[in-house]
Amino acid sequence: DPQERLQNLAVFSLYGYTKKYFPQFSQVNFTWGPFTNPNFIVIHHSLTEDGQTLSWQPIRRYHMKTLGYKDISYHYGIELVNDQYEIHKGRMDDQEGAHCLGFNQDSLGICVVGNFNVAPLAPAQLALLVKLSRSLMNIYGIKLANVLGHYETYERRGVWIEKTCPGKAFLMPDFRKML
1 DPQERLQNLA VFSLYGYTKK YFPQFSQVNF TWGPFTNPNF IVIHHSLTED
51 GQTLSWQPIR RYHMKTLGYK DISYHYGIEL VNDQYEIHKG RMDDQEGAHC
101 LGFNQDSLGI CVVGNFNVAP LAPAQLALLV KLSRSLMNIY GIKLANVLGH
151 YETYERRGVW IEKTCPGKAF LMPDFRKML
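Numbering-wise (my numbering), the sequence shown opens with residue 1 and increments by one.
If you're looking for bench data, these hints aren't it; they were derived computationally from the structure. Misleading hints may appear alongside valid ones.
With a cut-off of at most 30 Å between alpha-carbon atoms, the simulated DSSO-like pairs for lysine-lysine come out as follows [as the list claims (entries may be wrong)]: (1) Lys143 with Lys163; (2) Lys89 with Lys168; (3) Lys163 with Lys70; (4) Lys177 with Lys143; (5) Lys70 with Lys143; (6) Lys89 with Lys143.
Bear in mind that the values here come from a model prediction, so they are computed numbers and not experimental data.
Assemble the whole structure, with the sequences as input and the hints as a guide.
Rendered as structure tokens:
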């Protein structure tokens, strides 16, 4: 299947690129494994338009069928369903995520469905993200400084910032003040 070969090439190329240019991550564990002590929360956006249709299951299918993951990359998702924002469960909290290179083994990933390069989160969406983040911080003893936007993890790893995730209109310093 040509599409499958292209997808395998993309995964192989990403791994080769990482191994060549970021040797400190060449031994990254790409296996599915348990972890029990999350020290970080990493916030993402789906970079998709959020309508009033359910996007969480298509994201899960894409991660599993196209990317070959065992489950969706994230532990939680927030999206608009009908007229209300809802929290969706992804991977179990004691399972390693696949959402952020170098942080998967000790972080919980939250994906907010939408494109926040274009517009900020809706107030109700932001309120739910604050509520979920506070809850996870309390449950796991995660420090405020360890609640990061995906783009902030690049600096922590000492590598070039290649993404704006969770979006240019999502200001992490302002978000942390709400926590």
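Would the pair Lys177 and Lys143 pass a check requiring their Cα atoms to be no farther apart than 30 Å?
Roughly 13 Å between the alpha carbons, so the hint for Lys177 and Lys143 holds.
Under the criterion that the straight-line Cα-Cα distance not exceed 30 Å, is the pair Lys143, Lys163 satisfied?
Holds, at roughly 24 Å.
Taken at face value, is the distance from the CA of Lys143 to the CA of Lys89 at most 30 Å?
22 Å, holds
Is the hinted pair Lys70 and Lys143 satisfied, with a Cα-Cα distance of at most 30 Å?
29 Å, holds
Holds or violated: are the alpha carbons of Lys163 and Lys70 at most 30 Å from each other?
24 Å, holds
Measure nothing beyond the straight line between the CA atoms of Lys89 and Lys168; if it is 30 Å or shorter, mark the hint as holding.
At roughly 25 Å apart (the allowed maximum being 30 Å), Lys168 and Lys89 satisfy the hint.
In summary, this structure violates none of the numbered hints.
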